[in-house]
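Undergrad: Line by line, the protein sequences give chains A and B. Quick note: the first sequence, position 109, residue 109 per this note's numbering, numbers continuous. Quick note: the second sequence, position 97, residue 97 per this note's numbering, numbers continuous.
Derived by calculation from the structure, the hints in this document are not laboratory data. On a predicted model such as this, the values are computed, not experimentally measured, just so you know. We put the CB at the ideal spot given by N, CA and C, even for glycine.
Some chain A residues well away from chain B (every beta-carbon gap over 10 Å; in silico): (1) GLU162; (2) THR373; (3) LEU443.
Lysine-lysine pairs mimicking DSS-like chemistry, simulated, CA-CA at most 30 Å apart: (4) LYS307/A to LYS434/B; (5) LYS307/A to LYS435/B; (6) LYS315/A to LYS305/B; (7) LYS434/B to LYS269/A; (8) LYS410/A to LYS435/B; (9) LYS419/B to LYS307/A; (10) LYS286/A to LYS435/B; (11) LYS449/B to LYS410/A; (12) LYS411/B to LYS307/A; (13) LYS305/B to LYS286/A; (14) LYS402/A to LYS449/B; (15) LYS435/B to LYS276/A; (16) LYS270/B to LYS402/A; (17) LYS276/A to LYS449/B; (18) LYS410/A to LYS270/B; (19) LYS322/A to LYS434/B; (20) LYS318/A to LYS435/B.
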Amino acid sequence: MEGERRASQARSSGLSAGGAEGESPGGGAPFPRSSGSSALLQAEVLDLDEDEDDLEVFSKDASLMDMNSFSPMMPTSPLSMINQIKFEDDPDLKDLFITVDEPESHVTTIETFITYRIITKTSRGEFDSSEFEVRRRYQDFLWLKGKLEEAHPTLIIPPLPEKFIVKGMVERFNDDFIETRRKALHKFLNRIADHPTLTFNEDFKVFLTAQAWELSSHKKQGPGLLSRMGQTVRAVASSMRGVKNRPEEFMEMNNFIEIFSQKINLIDKISQRIYKEEREYLDEMKEYGPIYILWSASEEDLVDTLKDVASCIDKCCKATEKRISGLSEALLPVVHEYVLYSEMLMGVMKRRDQIQAELDSKVEALTYKKADTDLLTEEIGKLEDKVECANNALKADWERWKQNMQNDIKSAFTDMAEENIHYYEQCLATWESLLMSQTDLHLEEASEEKP
Amino acid sequence: MEQAPLDPERQLQPAPLEPLGRTVSGLEAAVGEEAEGARHAGSGVDTMTENNFWLKKIEISVSEAEKRTGRNTMNMQETYTAYLIETRSVEHTDGQSVLTDSLWRRYSEFELLRNYLLVYYPHIVVPPLPEKRAEFVWHKLSADNMDPDFVERRRIGLENFLLRIASHPILCRDKIFYLFLTQEGNWKETVNETTFQLKADSRLKALNATFRVKNPDKRFTELKHYSDELQSVISHLLRVRARVADRLYGVYKVHGNYGRVFSEWSAIEKEMGDGLQSAGHHMDVYASSIDDILEDEEHYADQLKEYLFYAEALRAVCRKHELMQYDLEMAAQDLASKKQQCEELATGTVRTFSLKGMTTKLFGQETPEQREARIKVLEEQINEGEQQLKSKNLEGREFVKNAWADIERFKEQKNRDLKEALISYAVMQISMCKKGIQVWTNAKECFSKM
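So that you can see chain A by itself, here it is in the shape it has in the complex (with noise of 0.2 Å):
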């Protein structure tokens, strides 16, 4: 695998985020930085890379650098990625720690909507302060998402939580809906943070560290909302072609993402099911309860058994909404984040397939114009370096992806696995003692029978 890997990157001419040390972002750079100092850490973290792949100087070809096509990644070479993946998964070597919490709401006369208040601690030298708090909403958050999709074409981003859900929803703000959607949001940042390439994303650095007048004006810079719904449609067209020629290895992925779809929808829509009849189920057993010990009034032999099984049931709902509750927190959200997982993935589907589809359509153009070969070769040339990169770069980020999805649902199922072991474990504790004092009960009646 190695070995494949030097091999596509000595064709490439990818480079590894950014470059050599020191250059610095902004005027004057011959290439859009995406992610600014991984070299450095790759450089202090990691014990080799004396590879001069790592150092390969990107192309210098301003036309790449067309504001209204997808800007070309700055890819990281997929062995670099490698390391990074080692170096995200050791928590002790992590230095970006957010957290999103506080919803607040504000009132205009315009509109109400919700901020959140976003706390960074980090120790990374590109950071201004070792500790940022600002406060974002939710069209901050997408923003971030679309500037990073921009910027990584065919990189798995993590989803954001929906913009409402229909059903149900009487209130836009209730608190449900806003503590849901805050661990998701929380989740999110997270997500960006522990990726590998994404974490030095400029725009993500701003979305953390600037005050609101700053981000506002910062927003402004970049491709207006207009060119970008050009882009969307362009894309949609353009992808269809993209998809005859989609290499095997895709092939293989794009069916995997179908059928990945389709199953994790399913589960969501089992794990909602699930919730709500256990819900009814607590809601009528709260009912059940009472009854026995409304009887036990009217008897008076009978009176503490009753009485015991009023308190047995009321123990095993105490369990139940326990039981509810680790389900709401541990598997459902999980589930739902793979949900949204599943359509970005799609998404960058296409976005993969619309690249390669720019390189298609400018090959048959040379195959049927005569004029202006030169040029066209040229253009040729760069595309096919571009769909090198985008290809490989979602191939990295699709092993990653994959791992972190299987250790995801495995630990959120064995979650929810032991949730339920509690709770039946739990109730039988119950059940039992009821069973042992009536036992006892028995003996003690039927030694004081004995004459």
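Dock chain B against chain A, hints included.
TA: Coordinates of chain B only, in the frame set by chain A:
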């Protein structure tokens, strides 16, 4: 255990049949005229070893149910279920049982038997029949009378009914009951020949008495109160239990969907595939385990239902007391009024209104001979009335005594049975929890291997 002062024809005089038999609701074998100490709860297998008095023991079982078609009284085709009743006598010495009688009865015949017993043993809390139509059903259970599960549960209920009668010290000796078990053809005619329907108290009379009675025995009033409460609380309980069962069913069954989806998903996974697949299997096991669990619980519901219906039987005894008491009060009142009339005639004062008195006033005095004649008649009536009052009083007191004895017997039976039912409910819950722990432990193992 006192015998009711009843027509000896009703009762079989030679060796009473001592029934054995374990019903699903834990019936104890009754002991006839034995003292309290010989009563045993628990397994019906020959707990009668002290009972050397009786030579034979019998076992009754309703062993089969069959769908039949036939013509009813209006000569229309109908479908009904017939139940096979088998009676076995158990030899005391070796415990072997021999089939002595076997016949088929339908539900309406059971009803006839019970109605007969209600009329002839008004002081007894007569065991109730299982429900005619399925009630308190949760959605999965069919409310159809022809549904095999319902028929099965009814079969058990009918067997229980017969066993309750057979183990009742007084009811077990009834001839009609004996014939019910042994005489297939002609039994209905035999019952009807007793003209018991005519002897039944009219509902209207009973209602009237309930409202008008002045001095019923306080214990019966309390008992009526209790039976109302019992009925209300058990119906409520059964209703909510049915809803809880419904919900529980939903929870379990939805998990079954995981099984299918996991299996399909496992096809595209390399490392996770096996874990997913086997976890899915356990989800299926979990989902299907609810069927047995709820079937067991249905049995618990049946035990409660029996006592729900027993509440009505209690009320019937109370009603009879009120009727007798009212009758007594009316008779006493009538006697008092006649005595007064007589006194007035004798002394010449007219305080009470009588038609004769009125007409005499209007149309002239009656002769002293006429007056004497009237006094004579009244004195005879008063005598009769006093005799009647005495016997009614005696009857009433006998009734109260016997009824109360049976009620005490019933109370103990009820406490025993219901306690056992509640404990068995706990046992069911324990079993359900153990199953749950096992399935989820297995599932967890599969998940952790993914």
